[in-house]
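*Asks:* Those protein sequences? They're chains A and B, same order as listed. Counting the first sequence from 1 gives a position; my numbering is that position plus 2. Counting the second sequence from 1 gives a position; my numbering is that position plus 75.
No wet-lab data here; the hints were simulated from the structure. We put the CB at the ideal spot given by N, CA and C, even for glycine. Warning: the hint list may mix true and false statements.
Partner residues are not named here, just some residues of chain B that face chain A (Cβ under 8 Å, in silico) [stated by the list, open to error]:
(1) 133
(2) 137
(3) 154
(4) 202
(5) 203
(6) 205
(7) 206
(8) 209
(9) 300
(10) 302
(11) 306
(12) 314
(13) 318
(14) 322
With a Cα cut of at most 30 Å, we get these calculated DSS-like pairs of lysine-lysine [to be verified]:
(15) 31(A) - 16(A)
(16) 145(A) - 16(A)
(17) 16(A) - 56(A)
(18) 83(B) - 308(B)
(19) 83(B) - 56(A)
(20) 308(B) - 56(A)
(21) 31(A) - 145(A)
(22) 56(A) - 145(A)
(23) 145(A) - 308(B)
Derived Cβ-Cβ restraints for the label pairs, each shown as a range [claimed, not checked]:
(24) 334(B) - 37(A): 40 to 48 Å
(25) 121(B) - 8(A): 19 to 27 Å
(26) 231(B) - 56(A): 36 to 44 Å
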Amino acid sequence: MVRTAADRAFLPAKSLLEEVGDMMILTGKTIVSALRPPYPYGGEFVGQFLFALKLCWFPLVVSTIAFGYGAPGLQAANFLVLFGALDRLGGFFVLASIREFAPFVTAIVLAGVAGTAITADLGARKIREELDALQVLGVDPVKNLVVPRFLALMLVTGLFNVYALLFGIFGGVLATLVNGAALGPFWATFFTNASVTDLWGSVLKTTMFGAIIAIVCCYKGMTASGGAEGVGRAVNQAVVISIMGVFAFNYVFTQTLLATHPEIAVIK
Amino acid sequence: MSWLAVPKEWLATFGEIISFCARVVREVLGLRVLRFFGEALRQAGVLILSSTLVIWGLIFIIGLQVGIEAAYFNRSVGSPAYAGVFAAWADLRELIPYAFGYMMAAKVGTGIVAELGSMRISDEIDALEVMGISSITFLCATRLLAAWLVLPVMYLAGIGAGFFASYLAVVQQIGEVSSGGYFLTFWMFQNPTDLVYSIVKGMTMATAIVLVGCYYGYNAGGGPVGVGTATAKSMVLNVVLVHLIGMLGTQLFWGANPRAPIGG
């Protein structure tokens, strides 16, 4: 009786902890086998990079322009117009776009588009026993499948962040134009407030997002089981876990960056 | 010719999705779904048990994030006491709907695709039709009704989670404004109408996500691989839809009228 009650309470927590531990182990294995020669993953890396690029660019453009125009653009412009200080929108976009929403919209799109595709692909290979076949042939699935995806997703997320910044700021430009204001003051306050710290923080953050997404999605794909339903369920869990992981990491990272670099939080 | 093929295919898929969604909505609004009200209640139960915590969790984390940005931004403009203004607008109007939409798409949307897709490829949907049960009503319309029953309440509670998180971050963590000072501006910069607009935004996203999930799951094909691909595809469309609905909602509700207690 006590035992069943304890099992009910602790088994889910235990399996969750085990899963997190397994993902950590996979991260360690991936990094080690990425660094240790030989390096057979060049072709797969390029393939995955182009695949993610091809899949994500359009959803990312639509998402960042929509987010940039709606949330920080219209709302902040509404607020600033009340004070007759619409030129400050440029400065606000440094905070809104570079520090916050470009990284996380990139992460959402990459997790939702490239991450799900990776899980679906690896999951299908797992349940068709292709991964086992690879292992029997002496090909290491971590080195040949996980490492190229890990590196490609890190690189592509970091680069897409720059692209998302540009289109997010374009959303802000649209909001300024809708309010009938000139763009000169927008760019003036934007470039006075922009700092290199913000930019590298943003790119570093998204690169780490890419790593989180790649590890979670590869892990879930490689441990899929139970036929067709299993692959679908793996994709479902992969995207939930990667979004939660990304946002938890985002909170810790942004807090640390803001607290350790007080100079970026000064309006100039 | 080839450059025309892609947009043509998109248009065709879009049309199919619209007509499918219209059928599902008609089943619900025409009350034919009530024949399977028990199933709808069961789906509502599944939704509550499996998705509530994770949705509130994401809203909570994003609320914390809004809180620290509010505190640091208002410190930088020299008015740390007014962090509540930023938190009220960013939370209620923008980020809680987005967080809700993201997690709905990730958890509920892909979950529906995975479930219905595996039913489709193991021929269970055809079996339903053979038994004389309308599969769209039984599988899709019940899920939509369940979403409409559960989600407004879940969303309201989620707003609570987001507000609580922002309060924690601004007042307890950063601590440059007193609790009373924070709440004074926080509540001053929102009113029940804003809350209703926010709910409308969230529910529009939720409806779109459930319908897209039903479409991709119901029309899955191509074996186990097909279910995975359909799940991934539904997520692409859902991410784009969430952002578009968020933007259109902002433009519609707050675009022409800031709804701020400032000026005449």
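*Asks:* Which of the numbered hints are not met once you compare them with the structure shown?
*Replies:* 3, 4, 5, 6, 7, 8, 17 and 24
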